[in-house]
Amino acid sequence: MMAVPITVVFWAVVAMLSLLAVLTIYLFAARWVEDRKQEAAVAYVERNRIKWYRVLRGLEEADASLVPENEAERMAVEEIFRSYMKNLSDPEINGRIRGFAETYLAYFYKRKLRSRDWSTRMNALYRIEDFKISNLLEDLRKLDRKKLSAEETFQLLMIELQFEPDLFLERTERHLGKLTEYEARQLFFLMPDHLFEQAGKRFPDLEPVFRYALIEVLGMRQDLAKLPFLEGLLDSPDDETRIRALRAIDALGIRTPNRILKQAINSTVWEERFLAGRMLHRLHPGEAAVFAEQLKEDPSWLVRQEILTLSKKIYGAKTADQNDGEEVSGWRR
Amino acid sequence: METVIEFIMKLFGGLIFIYMLVVIATYSAMFLFAFTDLRRQRRLDRRESDDRFIQAFYSKPVSILVPAYNEEAGVVGSIHSLLNLNYPQTELLVIDDGSTDGTAAAVIRRFDMVLAEKPVNPQISTARVTELYRSRIHPNLWLIRKENGGKGDALNVGINYARFPYFCTIDGDSILDVNSLIRVMKPIMTSGGKVVAAGGNVRIVNGMAVDHGVVSEIRMSGRPLVVMQIVEYLRAFLMGRIALSRLNMVLIISGAFSVFSKKYAIETGGYNTETIGEDMEMVVKIQRLIKERKEDAQVEFVPDPVCWTEAPQTLSVLRRQRRRWHQGLLESLWQHKKMTLNPKYGTVGMLSFPYFWFVECLGPMIELGGYLYVITAFFMGGIYYEYAVLLMLLFILYGTVFSVGSVLLESWSLNAFPKRRDVLRMMALSLTEVVWYKPLTLFWRVEGLVRSMFRIRSWGDMERVGATKGMSE
Numbered sequence: 000m001m002a003v004p005i006t007v008v009f010w011a012v013v014a015m016l017s018l019l020a021v022l023t024i025y026l027f028a029a030r031w032v033e034d035r036k037q038e039a040a041v042a043y044v045e046r047n048r049i050k051w052y053r054v055l056r057g058l059e060e061a062d063a064s065l066v067p068e069n070e071a072e073r074m075a076v077e078e079i080f081r082s083y084m085k086n087l088s089d090p091e092i093n094g095r096i097r098g099f100a101e102t103y104l105a106y107f108y109k110r111k112l113r114s115r116d117w118s119t120r121m122n123a124l125y126r127i128e129d130f131k132i133s134n135l136l137e138d139l140r141k142l143d144r145k146k147l148s149a150e151e152t153f154q155l156l157m158i159e160l161q162f163e164p165d166l167f168l169e170r171t172e173r174h175l176g177k178l179t180e181y182e183a184r185q186l187f188f189l190m191p192d193h194l195f196e197q198a199g200k201r202f203p204d205l206e207p208v209f210r211y212a213l214i215e216v217l218g219m220r221q222d223l224a225k226l227p228f229l230e231g232l233l234d235s236p237d238d239e240t241r242i243r244a245l246r247a248i249d250a251l252g253i254r255t256p257n258r259i260l261k262q263a264i265n266s267t268v269w270e271e272r273f274l275a276g277r278m279l280h281r282l283h284p285g286e287a288a289v290f291a292e293q294l295k296e297d298p299s300w301l302v303r304q305e306i307l308t309l310s311k312k313i314y315g316a317k318t319a320d321q322n323d324g325e326e327v328s329g330w331r332r
Numbered sequence: 000m001e002t003v004i005e006f007i008m009k010l011f012g013g014l015i016f017i018y019m020l021v022v023i024a025t026y027s028a029m030f031l032f033a034f035t036d037l038r039r040q041r042r043l044d045r046r047e048s049d050d051r052f053i054q055a056f057y058s059k060p061v062s063i064l065v066p067a068y069n070e071e072a073g074v075v076g077s078i079h080s081l082l083n084l085n086y087p088q089t090e091l092l093v094i095d096d097g098s099t100d101g102t103a104a105a106v107i108r109r110f111d112m113v114l115a116e117k118p119v120n121p122q123i124s125t126a127r128v129t130e131l132y133r134s135r136i137h138p139n140l141w142l143i144r145k146e147n148g149g150k151g152d153a154l155n156v157g158i159n160y161a162r163f164p165y166f167c168t169i170d171g172d173s174i175l176d177v178n179s180l181i182r183v184m185k186p187i188m189t190s191g192g193k194v195v196a197a198g199g200n201v202r203i204v205n206g207m208a209v210d211h212g213v214v215s216e217i218r219m220s221g222r223p224l225v226v227m228q229i230v231e232y233l234r235a236f237l238m239g240r241i242a243l244s245r246l247n248m249v250l251i252i253s254g255a256f257s258v259f260s261k262k263y264a265i266e267t268g269g270y271n272t273e274t275i276g277e278d279m280e281m282v283v284k285i286q287r288l289i290k291e292r293k294e295d296a297q298v299e300f301v302p303d304p305v306c307w308t309e310a311p312q313t314l315s316v317l318r319r320q321r322r323r324w325h326q327g328l329l330e331s332l333w334q335h336k337k338m339t340l341n342p343k344y345g346t347v348g349m350l351s352f353p354y355f356w357f358v359e360c361l362g363p364m365i366e367l368g369g370y371l372y373v374i375t376a377f378f379m380g381g382i383y384y385e386y387a388v389l390l391m392l393l394f395i396l397y398g399t400v401f402s403v404g405s406v407l408l409e410s411w412s413l414n415a416f417p418k419r420r421d422v423l424r425m426m427a428l429s430l431t432e433v434v435w436y437k438p439l440t441l442f443w444r445v446e447g448l449v450r451s452m453f454r455i456r457s458w459g460d461m462e463r464v465g466a467t468k469g470m471s472e
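Residue numbers (numbering that gives the first Met the number 0), protein chains in the order written: chain L, 0 to 332; chain V, 0 to 472.
Hints are not guaranteed to be accurate.
Said to hold, decoys possible - Which chain L residues face chain V? A few, computed with CB under 10 Å, are given here: (1) I5; (2) L16; (3) K131; (4) S133; (5) N134.
Claimed, not checked - Taking lysine-lysine pairs in the PhoX-like style, the calculated list, with each CA pair at most 20 Å apart, reads: (6) V:K290 to L:K295; (7) V:K290 to V:K337; (8) V:K290 to V:K262; (9) V:K117 to L:K311; (10) L:K109 to L:K145; (11) L:K36 to V:K337; (12) V:K117 to V:K193; (13) L:K109 to L:K50; (14) V:K418 to V:K343; (15) L:K312 to V:K117; (16) L:K177 to L:K146; (17) V:K193 to V:K337; (18) V:K193 to L:K177; (19) L:K131 to L:K85; (20) L:K146 to L:K131.
Unchecked claim - Taking CB as the label site, the calculated pair distances span: (21) V:K193 to L:S17: 31 to 39 Å; (22) L:A224 to V:K193: 29 to 37 Å; (23) L:K146 to V:K193: 50 to 58 Å; (24) L:L223 to V:I265: 54 to 62 Å; (25) V:L10 to L:A28: 26 to 34 Å.
It should be emphasised that the hints constitute simulated quantities derived from the structure, not laboratory data.
For each residue, glycine too, the CB sits at the ideal point set by N, CA and C.
The whole structure should be built from the sequences, with the hints applied where relevant.
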């Protein structure tokens, strides 16, 4: 009775162990190949380090010996470029990197963009953005027409923002459903001014998540001209819009007008009262004390704590946190 | 009489056989999930994505809580690793839970700490805080001394003092890779608050070269007991948690390294100070809260960020640890038993809870029974001999094959152990697991079950060897 299951299980175990043995051999062979690639990449860097320094500093022209001939050498060139771009912020060096990448590396990335492997495509998109390769736009458009992951879509938009800003808003709208607030915030922050203005004009039509991101970025950009717009948002019936608008006003770093402070202090939403408390730090001590009086018995601990910190500042009591302006600044980010 | 024995043996053999088939099928499915997930990200240049998340503008500040009870051997190394983190804005709260050794003194001396004040919002009641120190070298480093109340209580104190909206818990004997916090926070940041808790991958540090809280060289421990635990961690983290995370069914993220939304942690009442497994309990409570409120939130496991932790080096310490873990598991499952097979709790109630009850909690009893059955059947001979062979083969398939498979999967996708010799060593030891390590751990887990039933509770302190302390400490 047991003969059949035993035989089946026995062969299953043998088959599984054999498969694992084969996979082990494959894994070790693949690692060996990878190790050789690494060695070749290190050798390329060693061989050409000084030459690349001279080329990128504009002391000599790139010659054929620097052109990568295989995957390992391409990896080495990428490493060199990454380290220059990460550690130096020199438009001329970046321009030379871009020129070389467009001439000699774009072909590699063109191929990688067609890969079925998600991480290979992502890496290519990262490099295209890093090295600002502009001659692959047609390939990127083709990619854009395919079914992409949220990560690819976002990366593609980041590249399009660099090269085709005028078409950017239209494209972004197609992908709105895929973007998170976090990603929208990055895109808004990196937008050129004229584009950001255009996005601002579409504010009422945007989904709430993008509206919130846009308000946040208004604060990050610290454009005082936007104060009236932000002030207008304080009459919104949506709590979150008002809170974000107040936070953006706070981020502008100005002395907040009294009418805004009064409205926030009398709000039923504790977050607004808390932000009002934080804004009081920029007022003259005497003036701040008058407003603080209204908040010192606030039902919210965070608001009371903010007022306590303010009082210590006004009346000169020194605590360990006094120098730590960030004490509650991370709240609700 | 003989017929009765025959019936019992057949019935029991059949039950174990069915159990093993169910478990093998479950693990195979989990393995496939893990494989597809890891294959997708295998070639991704993680440095690129880390760089994009590191900008303070976009990241969320995190309070790091380090509960420490008699962690004199490892706490300084742990703090060094946390100070080295590649993350824009953190505060570091070390909570000394009434240690009786020199934990506090070591921290105060090493980081030049002085008495200080810090605002506290006592939203969770805890044991009394006695002193609070702040480092003069690193102003974002605090030491909170309190009366002993257990790890859960220490974490609750940390939550009360934390100023940021997310907190990360790290064991006092653990160290983090420099990019691990940014990686574990990634799903929280990108999901726009949908991910309310995330846990990272925990690996064993014993044997590694550690320098000022950083693993400077991957070296595998020479002790088979430690290597076996490395394999076990790989299997548990890569196979089980990836699959459960993809289906939003995570019930355990290791307390050694996890991040939580402070708001959710407070709303669940903070850490349970009565249970042994406070980390699992917190995750279960959060999952319960999410489902009861019908929120679109989730708990996620992230395989890439790594926390290094010290593993027991002796059988007696390992025994206490496993007993305690199992007690914690049973207590959490029992406490929230109403979630089991309750459609109100979605996949967590319908799949995750039954899986944890059947495979993780009661499984050891059945498996240990299987081992006893194999021994008995060998002595009884005849048809039972065949049962014994069949079960033994299933044990090999279940234990050995999945362990070796996990080592290969890890090596292929994440490559934490680059030396071929180390991989071969893990694989060779995996082949022996079924004859020594597995029965031992099964026995200890069953012991944990029995102790839970008789309400025997003790923490069973782990004797630290200071594996995270490193060469230069």
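To see whether the hints hold, each was checked on the structure:
The criterion of a C-beta within 10 Å of any C-beta in chain V is met by I5 of chain L, whose closest approach is roughly 5 Å, and the hint holds. Because the smallest distance between the Cβ of L16 of chain L and any Cβ of chain V comes to about 7 Å, under 10 Å, the interface hint for this residue holds. Contact between K131 of chain L and chain V, as hinted, is not supported at the beta carbon level, the nearest pair being about 15 Å apart and thus beyond 10 Å. Because the closest C-beta pair between S133 of chain L and chain V is about 19 Å apart, greater than 10 Å, the hint is violated.
A hinted interface residue such as N134 of chain L counts as satisfied when its beta carbon comes closer than 10 Å to some beta carbon of chain V; here the least separation is about 21 Å, so the hint is violated. Proposed proximity of K290 of chain V and K295 of chain L is contradicted: the alpha carbons are some 37 Å apart, above 20 Å. Annotation: proposed proximity of K290 of chain V to K337 of chain V holds, straight-line Cα distance about 13 Å (limit 20 Å). Between K290 of chain V and K262 of chain V the CA atoms are separated by roughly 16 Å; this keeps the pair inside 20 Å, and the hint holds.
With a C-alpha separation of about 13 Å, the suggested pairing of K117 of chain V with K311 of chain L holds against the 20 Å cut-off. The straight-line distance between the Cα atoms of K109 of chain L and K145 of chain L is roughly 15 Å, inside the 20 Å bound, and the hint therefore holds. A hinted pair counts as satisfied when its Cα atoms are at most 20 Å apart, and K36 of chain L with K337 of chain V does not qualify at roughly 56 Å. Only pairs whose Cα atoms come within 20 Å are accepted, and K117 of chain V paired with K193 of chain V is rejected, the gap being roughly 30 Å.
Between K109 of chain L and K50 of chain L the CA atoms are separated by roughly 27 Å; this puts the pair beyond 20 Å, and the hint is violated. Of the pairs offered as hints, the one joining K418 of chain V and K343 of chain V is violated, with about 48 Å between alpha carbons and a cut-off of 20 Å exceeded. Under the criterion of a C-alpha separation no larger than 20 Å, the hint pairing K312 of chain L with K117 of chain V is consistent with the structure, at around 15 Å. The suggested pairing of K177 of chain L with K146 of chain L holds, with an alpha-carbon distance near 12 Å, which does not exceed 20 Å.
Simply put, K193 of chain V and K337 of chain V have alpha-carbon atoms about 25 Å apart, too far for the 20 Å limit, and the pair is violated. Distance restraint check for K193 of chain V and K177 of chain L: the Cα-Cα separation of roughly 14 Å lies within the 20 Å cut-off, and the hinted pair is therefore satisfied. Restraint check for K131 of chain L and K85 of chain L: the C-alpha separation of about 14 Å stays at or below 20 Å, so the hint holds. Using a Cα cut-off of 20 Å, the hinted pair K146 of chain L and K131 of chain L is violated, with the two alpha carbons roughly 24 Å apart.
Restraint check, K193 of chain V to S17 of chain L: a C-beta distance of roughly 44 Å breaks the suggested window 31 to 39 Å. At roughly 34 Å, the beta-carbon separation of A224 of chain L and K193 of chain V lies within the given 29 to 37 Å, and the hint holds. Checked against the given bound of 50 to 58 Å, the beta carbons of K146 of chain L and K193 of chain V, roughly 22 Å apart, lie outside it. For L223 of chain L and I265 of chain V, the Cβ-Cβ distance of about 37 Å falls outside the hinted range of 54 to 62 Å, so the restraint is violated.
Distance hint check for L10 of chain V and A28 of chain L: the Cβ-Cβ separation is about 48 Å, which falls outside the suggested range of 26 to 34 Å.
Consistency note: the structure conflicts with the earlier hints numbered 3, 4, 5, 6, 11, 12, 13, 14, 17, 20, 21, 23, 24, 25.
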